[in-house]
Amino acid sequence: MDFDDSPDDKAFRREVGAWLDTALADVPDQEELAHSEREHWSRVWQERLCEGSWAGLSWPVEHGGRGMDALAQAIFNEEAAVRGAPYPLNGVGMMLAGPTIIAHGDDAQKARYLPGILQGSTYWCQGFSEPGSGSDLASLRTAAVKVDGGWVINGSKIWTSNAHNASMCLLLARTDATADKHAGISYFLAPMDRFTVRPLVMINGDTEFNEMFLDDVFVPDEDVLGGVGNGWKVALTTLAFERGSMALNLWVWARQAVDRLIDIAVERGMADDEAFLDAVGALDCDAEAVRIGSMRMVAESRSGGVPGPETSALKSLWAGVVQNANRLAVQIDDGGGVLLDGDGAGPRMRRYLRARAHTIEGGSEEVQKSILAERVLGLPRSR
Amino acid sequence: MDFDDSPDDKAFRREVGAWLDTALADVPDQEELAHSEREHWSRVWQERLCEGSWAGLSWPVEHGGRGMDALAQAIFNEEAAVRGAPYPLNGVGMMLAGPTIIAHGDDAQKARYLPGILQGSTYWCQGFSEPGSGSDLASLRTAAVKVDGGWVINGSKIWTSNAHNASMCLLLARTDATADKHAGISYFLAPMDRFTVRPLVMINGDTEFNEMFLDDVFVPDEDVLGGVGNGWKVALTTLAFERGSMALNLWVWARQAVDRLIDIAVERGMADDEAFLDAVGALDCDAEAVRIGSMRMVAESRSGGVPGPETSALKSLWAGVVQNANRLAVQIDDGGGVLLDGDGAGPRMRRYLRARAHTIEGGSEEVQKSILAERVLGLPRSR
Amino acid sequence: MHATFTEEQREVEQAVRDIAGGENGAARAALDAPWSPPAMDAELFGGFGVLGVPESIGGVGSDLVDLLVAVEVLGETLAPSRFPWHAAAVQLLSGGPVVDDAILGGEVVLAPAVDARPGWTGTGIARSLVPYAAHADAFAVVDGDRVWSASAVAVRERESFDPSVPLADVEFAEAGADPRPLARGLERATLVVAAQLCGVAQGAIDLAAGQARTRQQFGKAIGSFQGVAFQLAEAVTARKAAWDLTIYAAWAVENDRDDATSHVHAAKAAAGKAAVFAAERCIQVHGGMGITMAADPHLYLRRAFVLDAMLGRGSVHRREVGRLRVAARA
Amino acid sequence: MHATFTEEQREVEQAVRDIAGGENGAARAALDAPWSPPAMDAELFGGFGVLGVPESIGGVGSDLVDLLVAVEVLGETLAPSRFPWHAAAVQLLSGGPVVDDAILGGEVVLAPAVDARPGWTGTGIARSLVPYAAHADAFAVVDGDRVWSASAVAVRERESFDPSVPLADVEFAEAGADPRPLARGLERATLVVAAQLCGVAQGAIDLAAGQARTRQQFGKAIGSFQGVAFQLAEAVTARKAAWDLTIYAAWAVENDRDDATSHVHAAKAAAGKAAVFAAERCIQVHGGMGITMAADPHLYLRRAFVLDAMLGRGSVHRREVGRLRVAARA
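Residue numbers (our numbering), protein chains in the order written: chain A, 1 to 383; chain B, 1001 to 1383; chain C, 2001 to 2330; chain D, 3001 to 3330.
Accuracy of the hints is not assured; some may be wrong.
As the list claims (entries may be wrong) - Among the chain B residues that face chain C by a calculated CB cut under 8 Å, a handful are: (1) Pro1007; (2) Asp1008; (3) Phe1012; (4) Arg1013; (5) Asp1284; (6) Ala1289; (7) Ile1292; (8) Met1295; (9) Leu1377; (10) Arg1381.
Claimed, not checked - Listed next, with one range per pair, are the computed distances between beta-carbon atoms: (11) Ala1179/B to Glu2011/C: 26 to 34 Å; (12) Asp343/A to Ala2177/C: 29 to 37 Å; (13) Asp3018/D to Arg66/A: 52 to 60 Å; (14) Gly1308/B to Thr3121/D: 54 to 62 Å; (15) Arg3146/D to Ala2330/C: 35 to 43 Å; (16) Gly3119/D to His1035/B: 28 to 36 Å.
To be verified - Here are a few chain D residues that face chain B, going by a calculated C-beta distance under 8 Å: (17) Glu3008; (18) Phe3045; (19) Phe3161; (20) Leu3167; (21) Phe3225; (22) Val3228; (23) Gly3288; (24) Ile3291; (25) His3298; (26) Phe3305; (27) Val3306.
Keep in mind the hints are simulated off the structure, nothing from the lab.
No residue lacks a Cβ here, since even glycine has one placed at the ideal position from N, Cα and C.
Here chain A stands alone, though its shape is the one from the complex (with noise of 0.2 Å):
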């Protein structure tokens, strides 16, 4: 059991951080900034990771990628996230599109699509929620017709992250409306000309999801992905692709909530309370764990193995401390965290209320107690 790294990962994590440091010089601390703000630098550093070729860090050197590990990975979105560096602005393409037409693709496909990805011409967003399929995400009705060469798609989707900067979509529809409902699902790599797209405002005021709206889409048969009717099993290796790169540096987030909260208290004099130092302590330990969770995770995977369903239990952990990090650092806050003009109080407020989607974006609470029932104990399915 070795939670260092290597000699080797040692020298690639030095290489990343001067990389980052230099990269980062110029770049505002995200947290203060407007979300349009926030935006035009995920712009620039999406650039910036695309000149410095790690767009395709973990992608096989004959797609164009360095063909380093998931932990290599690993490292460069720790260090980054430590340094609070934006969200690179096409995750979707490196961390989804790419991965997936490597996987599932065909030459053409893979020819077509991935070169874009790696030069930052091509960004991407993924259409697979609707708004009435929700955690039963396999009961969409978004659906494509049958035309001479390919396919016409009418239909909606939801909670789309990137949507308007996008050209391109990962969109599932329903190709076989008589077929089971696994079976009815094909995987399309959709043109984005004919999506409308609306900004959805989150409670904390940022737009950072989107609905598409789907009128006559064409999508010619050579960009189905995996086949016809093969679209629920493609999608399961886009979303646990989605499980991989999200588990990477969350536990940053975890971390750094938990040290955000301990400097509220500190500069208001609380720190001292035991009731604060026994619920600081509690945090901290679920905090740790998200992070020995996530590296023992990626070490799984290094070893060949495959991340199981405990992962849900590292979702759930970190969802419920950087839920209850942020909203105890907005109580024990001037004025309750309620005046939002106070200092910081409203990047406290604002990320309370982002941290709330925690426990439905990315497969829901509920969900993954489901599926630790299911699949770790394993019990009966109660949906």
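Start from chain A and add chains B, C and D according to the hints.
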């Protein structure tokens, strides 16, 4: 909104208090006694209640009671609980059997059974639960077969308080295996001469509950209560009386649990700790909410209303505060409370262990939450 | 013991509901445009100004529970009204002597100025978290065991997490004109906030239950999953505890019971906890939509946080309960 | 980074499971008759005595995680064995110098004497919560930053909540013979307790899951109700957190990392919480049978409480985590 006794109630409370002070003068602190000694005092206490004509306090005068209302009973139970009075050994007779027979019995049944309860000559127990039924009470399997002049009953029952002292049982059995699961049940007033009683040892060492095995128990037709096939309806009456009588003094146990927690903290010099004050503040809120909610429930019944499903909130709150207060009282004890020969440590641990049953007995925590969801919020059935 | 609501109280509840119901949109309106007095204010001041006002300061025999029944509904409907704050301010003045008819009639609108402004080093007295200050004619200013009504020396509007309850820092001259004893005024005003919180909890629960009854997933209404249903059952339990504590505390204060102070703390602590919990569960049960401005759950969350912060944070009240109970047994 | 268990560790786990599995009944046996050494003790002392023993005191290069993997299984199976306590005592002595072969070989059985005896006013040193004292040949006595092995001056057997882990108060002469520096010995021993707690949590979860899969109510296995299933999912999460913290802390201690102390506290706190929580959920999921002596859940509860109390209460460790983290940022 008036939480105070009326002048009449005050006078009655004084009368009750005076009688209790005398009647309890020679009764030792029950908390310190072994189970068999507690049972002895329960019997003595039952006899004193009968002698003092308190047994039928809220029964109608025509049936030998004092004809007083639920508040009078509440006052009596409260004053007794505050003084740590023993649990009367025929509580089932006074609180469940009597009122149910009064509600559903014919004149002959009333004449046959009510006097024995008031005089203290017949002790009753409740034969509802079965090993296989649990929260799903109506799935019971104990079977009554029609014979000339009555019924022959075989099966087993569980969680019967006081079975080894009782001679009569409020017995549910299935009289029609082909009917709907509720319609096939009848309610018997069964003699216990052919019951085998086996005590269940609880995790705190007490033998408060029993298993009962019925071997060709004969019950004559005239001891079917409320008519063949009406057992479920009659059982609901008994269960309503059970909830009502429990609620009358449950709050005293919650109050005592929190007070004892404070006492041990004071004794151990930990009561100034801010984390303790925080925890005990939350517990005290809940304990007081149980007390006030109980008063409001009694007031509702008194003004003609029927206590609604919100009583499930009281039960849930009560179980939580007693469990949490008792756990904390153990954990802050010297040696973490696990040295049972320590000063007061044995009774503290016994109380903690006994409290684990509070989220199981009298309708489990899961059942209470289902009731709140379905009957207060109108959500669909989840079972 | 008659621990039930009177017929008159049920009528008050219905009357307030008739006035405030449907005005829910007004809490949302304040997200986009500055708050302005809603139509209901005039009706509430006109019809309910004497609720809960002791006879000793000019009331007509209505007790505090009457007022709490009314403001609970205002919490439930998220009414963006000055009425509960004016009423709380009048309660602050309840230690006597008689209060002007213009105040009791709502022609002079008061706001309570209670919470200290942290870090204040100026002359005079500064209070924070003062609601609707720019639309108040005067303030009930609490300082130690005294209270007085006064005009502001300066009002600094703050950015309120709930824009339908605008908040300000307000400064007052050092010595108030005509100070009166606080007596149980602060406790009575605190219960006005607790009752609103109970209402917010109830409103959030009702909204969530509606969603749980109708939203379908996996071929069923989501409320048929215990994972969803039990969260709301817990919210019901917390809200009932808070409301029972609040009305009991009001009775205890009215009747000058020994345990009144502890129960006021308990009511404020429990009500704040219940409201924040219910609002968070309401968001969760709404799933993705729950975290959007377009849906209503966040409106309850905003109100819950603001009320929990005012007249003493819930967590401070909770610890005070522990302190008083320990002191009583030590 | 190779944060995975080695093949050897998996073999140790399996070997210990083969020895201790099925001995679950032995924990129950102690409810009726005084504890006596189980057959497994000899096998464990013989085969695993050098697990986790640093080379500096006579070990052969096995690291602390190896030992924790073994004692986790002993917790899971509720083995009523002296082995983990002897091993913990050896860890207390790990600050050097070399420990007798007879101790490492288990011919001389040690018990750890760490927790202070409250209210002790005699001469010498008194320790409480000393496990298996009457069957120990000697004790590793901790006092401040020193530790030594010694015989007892007096042993007073206490009534243990878990009779399969007998506990005693033990008195020692004031000055120990041959004191050695404690160094990281106490931290290492604390992790031996934490690992057992992780095992207890796992055992309770497994027992509860079996019940949830098979017990039928309302025509279905009760595990298909989220109200039941989600309790156990929470227990899984808490247990995973505790185990991850425990093995990380062991690595941090072995590698003398700056954050090792904080992680030892975190591991003990989290493991105690996970074990008590899992045992309580195990009782709940068993319904009425869960509160009877006849069923097994209470055996896990007993072990969980006793281990949580030993080598510093979980709640004290938790607060220490908070204190260290605040100190690091203040």
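Outcome of the hint check:
This hint is violated: Pro1007/B has a C-beta 12 Å from the nearest C-beta of chain C, more than the 8 Å allowed. Among the interface hints, the one on Asp1008/B is violated; its C-beta lies about 11 Å from the nearest C-beta in chain C, farther than the 8 Å criterion. Hint status for Phe1012/B relative to chain C: violated, with the closest Cβ pair at about 12 Å, above 8 Å. Of the supplied interface hints, the one on Arg1013/B is violated, with its beta-carbon coming no nearer than about 11 Å to a beta-carbon of chain C, more than 8 Å.
With a least beta-carbon distance of about 5 Å to chain C, the hint placing Asp1284/B at the interface is held under the 8 Å criterion. Interface restraint check: Ala1289/B against chain C, minimum CB-CB distance 4 Å, threshold 8 Å, status holds. Given hint, Ile1292/B at the interface with chain C, holds; its Cβ is 4 Å from that chain's nearest Cβ, closer than 8 Å. Of the supplied interface hints, the one on Met1295/B holds, with its beta-carbon coming within about 5 Å of a beta-carbon of chain C, less than 8 Å.
Contact between Leu1377/B and chain C, as hinted, is supported at the beta carbon level, the nearest pair being about 4 Å apart and thus within 8 Å. Below 8 Å, beta-carbon pairs count as interface contacts, and Arg1381/B has one with chain C at about 7 Å; its hint therefore holds. Range check, Ala1179/B to Glu2011/C: Cβ separation about 48 Å, and the 26 to 34 Å hint is violated. For the pair Asp343/A and Ala2177/C, the supplied restraint of 29 to 37 Å holds, since their beta-carbon distance comes to about 34 Å.
In this structure, Asp3018/D and Arg66/A break the distance hint of 52 to 60 Å, their C-beta atoms being roughly 46 Å apart. Taking the beta carbon of each, Gly1308/B and Thr3121/D are about 58 Å apart, inside 54 to 62 Å as hinted. Range check, Arg3146/D to Ala2330/C: about 38 Å between beta-carbon atoms, so the 35 to 43 Å window is met. In this structure the hint that Gly3119/D and His1035/B lie 28 to 36 Å apart at CB holds, the actual value being about 30 Å.
Among the interface hints, the one on Glu3008/D is violated; its C-beta lies about 35 Å from the nearest C-beta in chain B, farther than the 8 Å criterion. Because the beta carbon of Phe3045/D sits about 26 Å from the nearest beta carbon in chain B, more than 8 Å, this interface hint is broken. Taking 8 Å as the C-beta cut-off, the interface hint given for Phe3161/D holds, the closest approach to chain B being about 4 Å. Interface hint at Leu3167/D: satisfied, since its Cβ lies 6 Å from the closest Cβ of chain B, which is below the 8 Å cut-off.
The interface hint given for Phe3225/D holds, since its Cβ lies 7 Å from the closest Cβ of chain B, which is under the 8 Å cut-off. With 8 Å as the threshold, the beta carbon of Val3228/D comes within range of chain B, its nearest partner Cβ sitting at about 7 Å, so the hint holds. For Gly3288/D, the suggested interface contact is upheld, since its CB lies about 5 Å from the closest CB of chain B, less than 8 Å. Restraint check, Ile3291/D versus chain B: the minimum CB separation of about 4 Å is within 8 Å; hint holds.
With a least beta-carbon distance of about 4 Å to chain B, the hint placing His3298/D at the interface is held under the 8 Å criterion. For the restraint placing Phe3305/D at the interface with chain B, the shortest Cβ-Cβ distance is roughly 5 Å, inside the 8 Å limit, so the hint holds. Contact between Val3306/D and chain B, as hinted, is supported at the beta carbon level, the nearest pair being about 5 Å apart and thus within 8 Å.
When the structure is compared with the earlier hints, violations turn up for hints 1, 2, 3, 4, 11, 13, 17 and 18 and for no others.
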